[in-house]
Amino acid sequence: MLKVYADGEEVVKVEINTGYNHRGVEKLLEMNSFYKGVFISARICGICNTVHADVYVRGVEHVLGIEPGPRAKYLRVLAMELERIHSHMIINAIMAEILGFDTLFMLMMRDREYVMKAKEVLTGGRVIADYFMPGGVRRDIDDTKRERILDLLKKVKPRLEYYRKLFETDPTITNRLSDVGVLKPRDITLHSLVGPVARGSGIKTDVRMEDKYDAYDEIDFNVIVRTEGDSLARMLVRWDEALESLKMCEYILTHLPQGQAVVDERKLPRVLPPGEAFTRVEAPRGELTYYIIGGGRDRPYRVKVRTPSFNNIINSGFSYLRYSIADVPVILVSYDPCISCMERAVLIKDGEKKYVRLKDIVSMKRG
Amino acid sequence: MTEARVEELDPKNVIGDLVVKEEFARPNRRVFTIDKSSIREAVSRLIKAYGETSVYVSTIAGVDRIEQGVMELNYFISILPRKEVIVLRTQVPRTQPAVDTLIDIVPGAFAGESETFDLLGVQFNGNKLLKRGFFVPEDVTSKGVYPLRKDAKW
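Line by line, the protein sequences are chains A and B. Heads up: the first sequence is residues 1 to 367, going by the numbering used here. Heads up: the second sequence is residues 1 to 154, going by the numbering used here.
Simulated from the structure, these hints should not be mistaken for laboratory data. Treat the hints loosely; a few may be bogus.
Claimed, not checked - Straight-line alpha carbon distances no greater than 27 Å define the calculated BS3-like cross-link-like pairs of lysine-lysine that follow: (1) A:Lys27 - B:Lys48; (2) A:Lys184 - B:Lys48; (3) A:Lys247 - B:Lys83; (4) B:Lys12 - A:Lys204; (5) B:Lys12 - A:Lys212; (6) A:Lys36 - B:Lys128; (7) A:Lys13 - B:Lys128; (8) A:Lys184 - B:Lys128; (9) A:Lys13 - B:Lys12.
As the list claims (entries may be wrong) - Below, a sample of chain B positions facing chain A; criterion: calculated Cβ distance under 7 Å: (10) Phe24; (11) Arg26; (12) Arg29; (13) Ala49; (14) Thr53; (15) Val57; (16) Thr59; (17) Val63; (18) Leu80; (19) Phe110; (20) Ala111; (21) Phe135; (22) Gly144; (23) Pro147.
Positions of the beta carbon are idealized from the N, C-alpha and C atoms, including for glycine.
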């Protein structure tokens, strides 16, 4: 919940309350066997479930001392990059809706279905994948599926290029987004902001490049950095990243190594030995970290999850100050919040509380 | 300091005299155990050495080590030019867990400190923004329960 205090139209103070989104997931992970944890962690977030599962699984692998084969690593990256494309598309679509551009929202959501379909062909689920398992993945692909995914990606590419061009050149969009919510590089690091928000302000940080986990050491990609630091820069970073991800997916599908990818789950160890691992992943919203401690039992001693929106939303209260009320939804959406963390806004006028939704603020501006 | 030199600067040279013990956490993180009184000093020195735009506090992971009677705090600090994450580990007594806040040096510690306070009951001296119920629902906070402590009753 974002509590915004305004003097006239100008924002003077912002309080952030996370609301009742504490679901006790860390406790749940401590109380269940580490195999169930693979599926619990994937349910922390619907949109970015594969990155959650990947970072958890890699943490468990480090504690167990096992390593997946090259084919499995490539397939993991493929699942995560498909997810990045559709996640970046959905937030740009939401941004279009916030701007009052509902047709654009619908068009983007339609084209996003190609990517969802590709993800379904690969993992079996269009949203929740449940694709990851310590030691490998849970499904392999054959040539038919590979061709099918490549075919779908071919349809997505021109659409992504078109939307990117639209965000860069359309005056309705650029006028609304440029110079709104400007963040200096110093603001980013001092407030621990991560992901496309940091890269939109000239901070070159990307866990894929820093940690080179899974197959990212073998797959070539560019880290997109822009220096403007405003809401438009953040959205354009996402479009460029989606195009980079598309290239990576095509590379993976044409250079997939041979070998065993699916792991025999019956032969996996049943006990998590003492040890600790701190794994990170570049989720669509930024750096996602897991800290896993094994205690010689079937369940982990402690699992600490830090999601990117946790930093990006809770620490970003300062960035709304001195902008007008109508800029608040734009700035917030440009941080790509998991909207379930947001609940609603409270409007306090002369001491009287009134709850308003994000949409109402947008129509207030238009009226 | 030029960028090339910052890259070569080992964090151990910056905070070496504060380090009590050095360990290793997989995959490739160095863990520096320091006394709880030197956490502010360590973070300030790292920011000074690498520059304000090169260091950020990634997360604070609190662990309830009930058998040893301590709360362990792990500050994960990302040093961007070195592409490295280091861990500053400190321990506070479980009976009265308290440590100095970092919020005036790095405001980004706010999210981590709020969470550690609400879920594990570690007090951060000097942080006036801490409050119960930031994450935990009211029916739990009203009983004074810190849910991630190992002896929390459900």
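Practice problem: Check each numbered hint against the structure and report the violated ones by number, ascending. | Solution: 1, 6, 9, 10, 13, 22
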